[in-house]
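Asker: Protein chains in written order, with this note's numbering: chain A, 1 to 273; chain B, 1 to 421.
Derived from the structure by calculation, the hints contain no laboratory data. For glycine and all other residues, C-beta sits at the position ideal for the given N, C-alpha and C. It cannot be assumed that every hint is accurate.
[Said to hold, decoys possible] Ranges between beta-carbon positions, derived for each pair:
(1) A:23 x B:207: 42 to 48 Å
(2) B:420 x A:105: 25 to 31 Å
(3) B:149 x A:4: 42 to 48 Å
(4) B:175 x A:146: 56 to 62 Å
[What the hints assert, rightly or not] Dumping the calculated DSSO-like pairs for lysine-lysine here, alpha-carbon to alpha-carbon at most 27 Å:
(5) B:195 x B:130
(6) B:199 x B:149
(7) B:130 x B:156
(8) B:149 x A:41
(9) B:156 x B:135
(10) B:149 x B:136
(11) B:136 x B:194
(12) B:156 x A:41
(13) A:41 x B:135
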Amino acid sequence: MDRTTILTPRAGFQAINIRELWEYRELLFAFAGRDIRVRYKQTVLGVVWVVLQPLLGAGIFSFVFGKVAKMDSGGVPYFAFTYSGLMFWTLFTSTVNRANSSLVGNTHLVTKIYFPRLILPLSGIPSALLDFSVAATLMTIIMVTYGIEPRIGLLLLPIWLVILLMFATGIGLWSGALAVKYRDINYILPFAIQLLLFASPIAYAANNVPAEFQIYYYLNPIAGLMDAIRWSFFGTTQNGWWPVGYSTIFSVSVLIVGATLFRKMEREFADVI
Amino acid sequence: MSSDEIAISIRGVGKQYIISHQGEQESTLAESMLTWVKRGFRGSSTKETFWALRDISFDVMRGQVVGIIGRNGAGKSTLLKILSRITELTEGEIHIDGRTGSLLEVGTGFHPELTGRENIFLNGSIIGMKRAEIKKHFDAIVDFSGVEKFLDTPVKRYSSGMYVRLAFAVAAHLEPEILIVDEVLAVGDAEFQKKCMAKMGNVAQQGRTVLFVSHNIGAIATLTNAAVRLSAGQLMNYGPTAEIIREYLSDGKPASDTDVLNVSTYRRDALTDDTPIFFREIWVSSDEEEFTQSIKIGSAFTLHVIVEVRRPIHGALIDVTLKNSQSQRVVVLFSWDEDFRLDLEPGVHEISVVVRGFTPTEDSIYADFGVNGSPHSRAYDVLLDYPLMNIVASDNLLHWPGRKWGTIQATQVSWAVKRRD
Numbered sequence: 001m002d003r004t005t006i007l008t009p010r011a012g013f014q015a016i017n018i019r020e021l022w023e024y025r026e027l028l029f030a031f032a033g034r035d036i037r038v039r040y041k042q043t044v045l046g047v048v049w050v051v052l053q054p055l056l057g058a059g060i061f062s063f064v065f066g067k068v069a070k071m072d073s074g075g076v077p078y079f080a081f082t083y084s085g086l087m088f089w090t091l092f093t094s095t096v097n098r099a100n101s102s103l104v105g106n107t108h109l110v111t112k113i114y115f116p117r118l119i120l121p122l123s124g125i126p127s128a129l130l131d132f133s134v135a136a137t138l139m140t141i142i143m144v145t146y147g148i149e150p151r152i153g154l155l156l157l158p159i160w161l162v163i164l165l166m167f168a169t170g171i172g173l174w175s176g177a178l179a180v181k182y183r184d185i186n187y188i189l190p191f192a193i194q195l196l197l198f199a200s201p202i203a204y205a206a207n208n209v210p211a212e213f214q215i216y217y218y219l220n221p222i223a224g225l226m227d228a229i230r231w232s233f234f235g236t237t238q239n240g241w242w243p244v245g246y247s248t249i250f251s252v253s254v255l256i257v258g259a260t261l262f263r264k265m266e267r268e269f270a271d272v273i
Numbered sequence: 001m002s003s004d005e006i007a008i009s010i011r012g013v014g015k016q017y018i019i020s021h022q023g024e025q026e027s028t029l030a031e032s033m034l035t036w037v038k039r040g041f042r043g044s045s046t047k048e049t050f051w052a053l054r055d056i057s058f059d060v061m062r063g064q065v066v067g068i069i070g071r072n073g074a075g076k077s078t079l080l081k082i083l084s085r086i087t088e089l090t091e092g093e094i095h096i097d098g099r100t101g102s103l104l105e106v107g108t109g110f111h112p113e114l115t116g117r118e119n120i121f122l123n124g125s126i127i128g129m130k131r132a133e134i135k136k137h138f139d140a141i142v143d144f145s146g147v148e149k150f151l152d153t154p155v156k157r158y159s160s161g162m163y164v165r166l167a168f169a170v171a172a173h174l175e176p177e178i179l180i181v182d183e184v185l186a187v188g189d190a191e192f193q194k195k196c197m198a199k200m201g202n203v204a205q206q207g208r209t210v211l212f213v214s215h216n217i218g219a220i221a222t223l224t225n226a227a228v229r230l231s232a233g234q235l236m237n238y239g240p241t242a243e244i245i246r247e248y249l250s251d252g253k254p255a256s257d258t259d260v261l262n263v264s265t266y267r268r269d270a271l272t273d274d275t276p277i278f279f280r281e282i283w284v285s286s287d288e289e290e291f292t293q294s295i296k297i298g299s300a301f302t303l304h305v306i307v308e309v310r311r312p313i314h315g316a317l318i319d320v321t322l323k324n325s326q327s328q329r330v331v332v333l334f335s336w337d338e339d340f341r342l343d344l345e346p347g348v349h350e351i352s353v354v355v356r357g358f359t360p361t362e363d364s365i366y367a368d369f370g371v372n373g374s375p376h377s378r379a380y381d382v383l384l385d386y387p388l389m390n391i392v393a394s395d396n397l398l399h400w401p402g403r404k405w406g407t408i409q410a411t412q413v414s415w416a417v418k419r420r421d
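Assemble the whole structure, with the sequences as input and the hints as a guide.
Answerer: As structure tokens, this is what we get:
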């Protein structure tokens, strides 16, 4: 395999080199494998943490929002309602967090070896998906327990998942690249994510938001996606299809902008990290 | 693979860094915004820039093994980082023809929690091997490392020697057409280093193109047939290794006999705030003179080493390697051998070593200095290729100019230390 590499100063925006990313796919899975193997070393409960976190979260939310605040979940058992939201929310936050810390957490790699830098933030996705699949298995058990009939709409879940991942990856690429230079991101991000959790219909249904705020509420792309996810699981009514359409366009744009900024900033990663 | 093909062509390459002075560095968003606002008022940026490399041009032919030498800060590492695509060049152009692998350290990406087996696959992928390739070489890697018994043990339980051997074993099985190597030989015990050198020699003989950076001039002399000398970011010369090494060593010589050299030029690694002890000044005295750079064959001499201590240290060791102008070791003085250990309080101290019975031939003597916490730990400070003295003819000792035998003698050494400030 003979090939010539030409190195010249680059300027401006760079297109994503899909061919090169494909060539390095084994490295992506090597990083993902490392993260999965290492994550639960020296923990007593190990993988149990994967299900414990959303379970406890859903328990707390269904008590606070379901029992105390008595919010309307459209007739769906409150626990199943919050759990279904939380499992996607966890996928979202862990994808963002992993992508965000992937560069700064691998400084020794960035300064010692070349590979397409995009590999690092992307390598968090497989392990986030693995956690998600464990959480999804538990969701099936919850559905059986509450006697919730499977709907044909479940088949659309992978589409919502992909859109959510695009949004998460876009944010993660952008914040991860910024964090290389400005560690402030590591303080801003957890706060922003927490804010977003309460601004999204995870612990409560979007219908509870007063009508005059709905239009602003749906500016958050997660709102429309969550409605679609609940519709797939429970057939709950939603506020039309336009929020999902908006979420899709918004998520794709965030991904493109995030990846473009990442490519622009990656040139100086090794120098400033 | 004909040898007249160019494997790497480097044309007018330069790398510029922006220096932020302490206090001006924008490491937070707020500071960055502040600078941005200020700049708006001032109209232009006042950032200072620095060229780590400038105007570097040379070609490496296919199958050639080229060494890159230069003192600390000459731009060797920057050049390697550009060639291995870790950092981008600011100007110029480089053509690299062939699959390239770079080893800027051994064991990049090793994870302490993973087992030896898992780390072989992880590290192999990181340095650019395909999974199938790693599988193919797996047995050879394990065999070379000699850690087969501990393959399923997390590497955090490895001794540092085992760790390094495993790491080098993976690296040694990377088979690119062009190999870029930095300092990887500076690891492991003497026996393992020998094994590594042999492996590197093999790589060179297989007709692969190798670019090799090392502080170890001896290794460069053994492994390469051509060398590039960098100094302060400029290419000084490119030619046969022996010639370049001679030039490199003589470049470090003092201008006059009374000139005390600034040791920091010879420092291997930049000092950090954590460095507890470092070298400040070094000179030689003889029975006749307090300060000299010429020692007669057979005469005793004293090495004076001034160190600055920042934190109290206990049981530290000093080593001095005396080398001739071909960078061959002549004598190694190691305070461990005489059971001399340093217990020092913060301040400036002078360590002196009286050496008797050192009777080499007429030659220039260069020295490496090291100060360590223990025989097994990483050195606190290291100086390399410090031009120490000249051995000159003596009237009362029979000699033949340039004789090759008798350079290593039973040398008597005595150490002492006193406070200076």
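Asker: Confirm or reject each hint.
Answerer: So, going through the hints one by one against the coordinates:
1. A:23 x B:207: 42 to 48 Å: violated, 25 Å
2. B:420 x A:105: 25 to 31 Å: violated, 45 Å
3. B:149 x A:4: 42 to 48 Å: holds, 44 Å
4. B:175 x A:146: 56 to 62 Å: The hinted range 56 to 62 Å holds for residue 175 (chain B) and residue 146 (chain A), with Cβ atoms some 58 Å apart.
5. B:195 x B:130: Holds - the C-alpha atoms of residue 130 (chain B) and residue 195 (chain B) are around 25 Å apart, at most 27 Å.
6. B:199 x B:149: holds, 23 Å
7. B:130 x B:156: Measuring from Cα to Cα gives roughly 25 Å; hence the hint holds.
8. B:149 x A:41: Holds: residue 149 (chain B) and residue 41 (chain A) sit about 22 Å apart, inside 27 Å.
9. B:156 x B:135: holds, 23 Å
10. B:149 x B:136: With Cα atoms ~20 Å apart, residue 149 (chain B) and residue 136 (chain B) stay inside 27 Å; holds.
11. B:136 x B:194: Distance of about 25 Å is within 27 Å: holds.
12. B:156 x A:41: holds, 13 Å
13. A:41 x B:135: holds, 25 Å
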